[in-house]
Amino acid sequence: MFHDTKNQVLGTHEIYIENVNSSVIRVAEVLRPAIRDNCPSIIVVHNHPSGDPTPSTEDILVTRELRTSAAMMDIELLDHIVLGQGHFVSLKDKGLGF
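Read in order, the letters of the sequence shown are residues 17 to 114 in this note's numbering.
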C-alpha cells in the first residue's frame, strides 16, 4: 500500500504472486512503484499460504532490507504485515525488523 504525507492510502500494487512454498523478493521491485509515484511511505503486506501468519526469519530479514533501502530513497516503511487464515501479524508491532 502506498501512502501520502498524511498516511492516506494512494493505492496498492501487486508486485509478486508467490508459489505455495516461498517467494523471492527483490527490494528494488517492491520500491519501484513507490519511487515512480513519489510516495513518502509504504506498508508491505503478504500472505503465508500455510495459513500461519507467524513471520519467518526470511520475513524479518527482508523487512530490515526494505526498511534500510526505502530510507535511502526517503520512503518510510510503516509496517510489514503477514496474513494467514483470518489473522495477521504486524512486524512493526512485534519489533521484528524495525
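In short, the hints are calculated from the structure, not lab data.
All figures in this text were calculated on a predicted structure; none of them were measured in a lab.
Accuracy of the hints is not assured; some may be wrong.
Distance windows between CB atoms, simulated [as the list claims (entries may be wrong)]:
#	residue 1	residue 2	range
1	Ala44	His103	16 to 24 Å
2	Gln101	Lys22	19 to 27 Å
3	Gly102	Arg52	28 to 36 Å
For lysine to any residue, the following SDA-like pairs were computed, each having C-alpha atoms within a straight-line distance of at most 25 Å [claimed, not checked]:
#	residue 1	residue 2
4	Lys22	Thr84
5	Lys108	Ala87
6	Lys110	Ile97
7	Lys22	Gly100
8	Lys110	Pro69
9	Lys22	His64
10	Lys108	Thr73
11	Lys110	Thr73
12	Lys22	Pro69
13	Lys22	Ser57
14	Lys108	His64
15	Lys22	Ser72
16	Lys108	Ile97
17	Lys22	Thr70
18	Lys108	Ser72
19	Lys108	Glu81
20	Lys108	Thr70
21	Lys110	Val46
22	Lys108	Glu45
23	Lys108	Ile76
24	Lys110	Arg52
25	Lys22	Glu74
26	Lys110	His19
27	Lys108	Asn63
28	Lys110	Ile41
29	Lys22	Asp68
30	Lys22	Val40
31	Lys22	Ser66
Built from N, CA and C at the ideal position, the CB exists for glycine as well.
> Which numbered hints turn out to be false for this structure?
Replying inline: Result: hints 1, 2, 7, 9, 12, 15, 17, 24, 25, 29, 30, 31 break, sorted rising.
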